[in-house]
Amino acid sequence: MNAWVEGSVLPVQSYRITRADLVAYAAASGDHNPIHSDDEIARAVGLPGVIAHGMYTLALAARAADAWAGGPGRVRSLGAKFTRPVVVPAGDDGVEVVVAGLVRSVADGLTTVALEVTCAGEKVLGGATAVLA
Amino acid sequence: MPVDPALVGRSFGPTALFEVTEDRVAAFAAATGTPYLAGEAAPVTFPIVVAFEAMTALMTDGTVGIELHNVIHGEQRFTYERPLYAGAQVAATLVVDSVRSIAGADIIATTSAVTDATGTLVCTAKATLVHRGDQS
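Protein chains in written order, with my numbering: chain F, 6 to 138; chain B, -12 to 123.
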């Protein structure tokens, strides 16, 4: 584990989501809601277009937490509210999600991190926190 | 139809034992771009696969009054007792923690215990489901 202290700003992680990723995620997770693959259906329920699974965005937050922790299997807790959809346009460019982290506390070998997860400058998760061992 | 507050305390599951295979973990890791080598801990959010089955048992139970197409995933948290590895078999049992009604929506807070084949707790998956009962 790195020598983080309260107030440490963690290295920002950036990830790109494409529709192909969402198709792969639907198959891997069993969540086949068509709002994650079909623009017409997404618009019919009032969305601007195909959106990422909230759980996909949370998986990206988990990637950042793993990166900060220095490898897999060290995240003791991770969670967030799904506050704003991540709209994923068609095409290979997709959309970029940025995960920033600020160390809230370090105690008993555990580091608590507040995450800020944004897409196009807007926060997409609320109250996102992780506890790293 | 609003969800009956008597739902609080009811449990759903355990789900059928789910095989955490290398293929399933690798597919989940690849879809989310998570670095993964065989033998490493599964991605942090992987237990959603089995927790989702327990949530589906709740949402599709005819006595509960949830219309599946009106449900939004509001919040999710995983708390681990130990890392999860391929080779394990896991099952989820969901308990309804609370039901609140706000502005025509039911806010249903749930906790799913994800246990291995010996019944040992691997992780706890807390989900909040938002049911907008007046949409259809």
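Quick caveat, the hints were computed from the structure, so don't treat them as lab data.
Among the clues, some could well be false.
[Unchecked claim] Below are the DSS-like pairs computed for lysine-lysine, each with C-alpha atoms no more than 27 Å apart in a straight line:
# : chain 1 : residue 1 : chain 2 : residue 2
1 : B       : Lys113    : F       : Lys86
2 : B       : Lys113    : F       : Lys128
3 : F       : Lys86     : F       : Lys128
[Stated by the list, open to error] Quick list of simulated restraints, FRET-style, between CB atoms:
# : chain 1 : residue 1 : chain 2 : residue 2 : range
4 : F       : Gly131    : B       : Glu68     : 19 to 27 Å
5 : B       : Arg(-3)   : F       : Ser13     : 16 to 24 Å
6 : F       : Pro39     : B       : Ala104    : 18 to 26 Å
7 : F       : Ala125    : B       : Ile59     : 32 to 40 Å
The beta-carbon is built from N, C-alpha and C at its ideal position, and this holds for glycine as well.
Violated hints - listed by number, lowest first
Of the numbered hints given earlier, those the structure breaks are 5, 6 and 7, listed in rising order.
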